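Asker: Here's the letter readout for the chains.
Number of protein chains: 2
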Amino acid sequence: MKKLINAPDAVVADALAGLAVAHPSLSVDVENRVVLRAQRASRGKVGLVSGGGSGHEPLHAGFVGYGMLDAACPGEVFTSPVPDQMLAAARAVDGGAGVLQIVKNYTGDVLNFQMAAELAADDGIEVGSVLVNDDVAVEDSLYTAGRRGTGATVFVEKIAGALAEQGAALAEVTAIAEEVNARTRSFGIALGPAVTPASGKPGFALGDTEIEVGVGIHGEPGRRRDAMAPAAQLVHAALDAINDDMPLSGDVLVMVNGLGGTPLIELYVAYGEVHRQLADKGVRIARNLVGNYITSLEMPGFSLTVCRLTDRLTELWDAPVETPALRWGR
Amino acid sequence: MKKLINAPDAVVADALAGLAVAHPSLSVDVENRVVLRAQRASRGKVGLVSGGGSGHEPLHAGFVGYGMLDAACPGEVFTSPVPDQMLAAARAVDGGAGVLQIVKNYTGDVLNFQMAAELAADDGIEVGSVLVNDDVAVEDSLYTAGRRGTGATVFVEKIAGALAEQGAALAEVTAIAEEVNARTRSFGIALGPAVTPASGKPGFALGDTEIEVGVGIHGEPGRRRDAMAPAAQLVHAALDAINDDMPLSGDVLVMVNGLGGTPLIELYVAYGEVHRQLADKGVRIARNLVGNYITSLEMPGFSLTVCRLTDRLTELWDAPVETPALRWGR
Chain P
1 MKKLINAPDA VVADALAGLA VAHPSLSVDV ENRVVLRAQR ASRGKVGLVS
51 GGGSGHEPLH AGFVGYGMLD AACPGEVFTS PVPDQMLAAA RAVDGGAGVL
101 QIVKNYTGDV LNFQMAAELA ADDGIEVGSV LVNDDVAVED SLYTAGRRGT
151 GATVFVEKIA GALAEQGAAL AEVTAIAEEV NARTRSFGIA LGPAVTPASG
201 KPGFALGDTE IEVGVGIHGE PGRRRDAMAP AAQLVHAALD AINDDMPLSG
251 DVLVMVNGLG GTPLIELYVA YGEVHRQLAD KGVRIARNLV GNYITSLEMP
301 GFSLTVCRLT DRLTELWDAP VETPALRWGR
Chain Z
1 MKKLINAPDA VVADALAGLA VAHPSLSVDV ENRVVLRAQR ASRGKVGLVS
51 GGGSGHEPLH AGFVGYGMLD AACPGEVFTS PVPDQMLAAA RAVDGGAGVL
101 QIVKNYTGDV LNFQMAAELA ADDGIEVGSV LVNDDVAVED SLYTAGRRGT
151 GATVFVEKIA GALAEQGAAL AEVTAIAEEV NARTRSFGIA LGPAVTPASG
201 KPGFALGDTE IEVGVGIHGE PGRRRDAMAP AAQLVHAALD AINDDMPLSG
251 DVLVMVNGLG GTPLIELYVA YGEVHRQLAD KGVRIARNLV GNYITSLEMP
301 GFSLTVCRLT DRLTELWDAP VETPALRWGR
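Protein chains in written order, with the numbering used here: chain P, 1 to 330; chain Z, 1 to 330.
Just so you know, these hints were derived from the structure itself, not from any lab.
Since the structure is predicted, the reported quantities are computational estimates derived from the model, not experimental observations.
Any given hint could be a false lead.
One copy or two, it doesn't matter: identical chains are merged, so the pair holds either way.
To be verified - BS3-like mimics (lysine-lysine), calculated; alpha carbons at most 30 Å apart, straight line:
1. K2 - K201
2. K2 - K281
3. K201 - K281
My request is simple: use the sequences and hints to build the entire structure.
Answerer: If you want it as structure tokens, here you go:
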């Protein structure tokens with residue numbers, strides 16, 4: 001294993017130490033593993049907390065900042081954070097208007113966020129929760145009952161974050177987060193595996209011309225192994241899976257996301273295909289992201305995420321955001 | 001070879017087609033391979049043109065926009081663009097105040113930009129040129145006489161772009177570009193090779209525990225093959241090489257750049273080390289970038305770029321920028 005790390009068990013702490021000194025806009029508690037905004041939101045704003053296993057950067061810590069998250073709780077690589085982190089985050093960001101937990105649907109994350117919510121409630125903090133489960137590839141998976149939560153998380157964090165910034169109440173912020181999740185679907189394809197620092201070995205094995213269609217962000221199996229094919233066909237497979245589950249029409253927000261080991265030039269090739277194939281269906285991409293936003297360490301491959309927009313969602317998407325990984329319009 | 005492409009000879013055109021529909025802020029001439037700002041700069045502004053082989057994205061097209069480049073000319077993967085592209089770019093962006101070419105020191109790029117400059121001069125366009133040659137790893141290399149141009153390009157494009165936006169004359173913009181290059185040094189380390197679409201094969205071979213110390217952005221050999229080591233040691237080797245060439249002191253701008261296949265979490269580990277080791281030397285990182293800015297397709301590894309700042313350079317670095325890959329403060 002060749003990784004740019006000091007030691008497998010120091011990766012998360014070392015990366016948080018680097019994050020802390022790289023971004024003055026963040027306040028990083030390296031020991032307790034909570035990433036906060038350096039400049040806290042004003043009292044009365046709903047606090048947004050997310051978190052999950054590390055190895056998906058920039059998710060979630062890269063999305064802490066004005067217009068998006070108030071706090072992120074990073075676990076070990078591909079491992080849920082613990083309730084103590086989530087409770088510390090809730091306490092730190094509650095400004096009297098309550099806290100929304102944004103939870104990707106993995107069993108460990110779900111249980112730990114639930115426990116943290118109960119502990120926070122004991123403290124008198126009002127807690128809402130949204131479960132992100134947008135990955136149409138499979139029902140139930142290696143670490144999940146139901147569908148996995150993947151790319152929609154970025155959209156939920158951005159759009160709920162914008163509404164929270166406007167001073168909306170917890171029930172409204174929770175409702176819009178649920179709406180974004182309900183209107184969003186994702187599908188991923190791996191061209192190869194990732195290597196976790198702890199194992200030092202590829203998470204799965206693929207032949208020289210083999211791909212994993214419907215892969216999860218921890219390398220969970222998808223729908224099938226298939227033969228490598230041109231980008232147009234891979235995009236078609238992903239779009240088909242999404243469209244079968246949620247027929248697409250009107251204006252959409254699209255993310256072509258790199259899983260970590262795919263060059264940006266290839267992501268633009270894929271985005272061009274998505275645009276062309278959606279145009280053929282009469283679907284217009286009104287907004288887009290192309291890049292590495294929710295990764296799986298150095299996994300080569302991509303995921304496609306599509307959200308059926310409404311005017312309101314578009315407006316909230318366009319609202320100013322200022323985080324390490326997403327920034328515009330302020 | 002598993003790549004997210006349609007065909008090796010279509011990669012650049014397909015990616016430009018994707019870039020065109022992804023970014024309304026860009027005007028992309030896919031056929032002639034020139035990327036311009038959709039909203040042209042006002043007359044009287046010096047036009048900034050750069051370009052080079054594709055495969056280093058987001059460089060250069062991702063840096064076209066307010067406060068940075070006016071035009072980028074992408075060549076085939078790891079291959080210089082041709083003078084016609086550069087001439088078309090110069091004609092498109094000349095607003096009467098002349099054009100600055102930002103040229104990374106590779107023989108093909110240098111010759112072609114020179115020819116384009118002569119052709120543009122025949123058209124009555126005043127052309128300045130800055131040669132970026134910041135990579136301290138080796139004198140002369142596979143495609144270069146003298147030192148290779150790497151990470152400093154990002155700094156030159158940003159800082160010269162900011163000065164041009166303020167309405168400075170061509171001589172001043174050229175001078176600051178040269179100053180940034182003179183005050184900046186880089187050093188890269190590869191943990192593995194990249195695969196060009198045309199060859200379909202790794203550009204070089206490394207053993208399971210071997211690294212290339214001082215690698216170029218096309219996989220050119222560095223100073224030596226060495227054994228894989230912890231991040232702290234790799235950062236130390238890179239910093240030492242830079243410091244030996246240009247003793248560091250005072251305030252610096254640092255980029256920890258991913259070569260394409262290294263997870264962001266690892267880049268933050270490396271950045272933490274850079275910060276600690278520079279602090280030990282009494283050097284303060286006043287500004288930083290951590291991420292994939294000048295890549296080598298999917299190469300695993302990183303490069304470190306350090307610029308000795310002045311107040312003026314810091315001010316220009318902080319000036320508003322609005323491009324697909326770098327955006328702040330407007």
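Asker: Could you run down the list of hints and mark each one as holding or not?
Answerer: Now for the hints, and whether the structure bears them out:
1. K2 - K201: both (10 Å within a copy, 20 Å between copies)
2. K2 - K281: Only across copies: K2 and K281 sit 28 Å apart there, 44 Å inside one copy, limit 30 Å.
3. K201 - K281: Close neither inside one copy (42 Å) nor across copies (37 Å); limit 30 Å.
Going down the numbered hints, you'll see the structure goes against just number 3.
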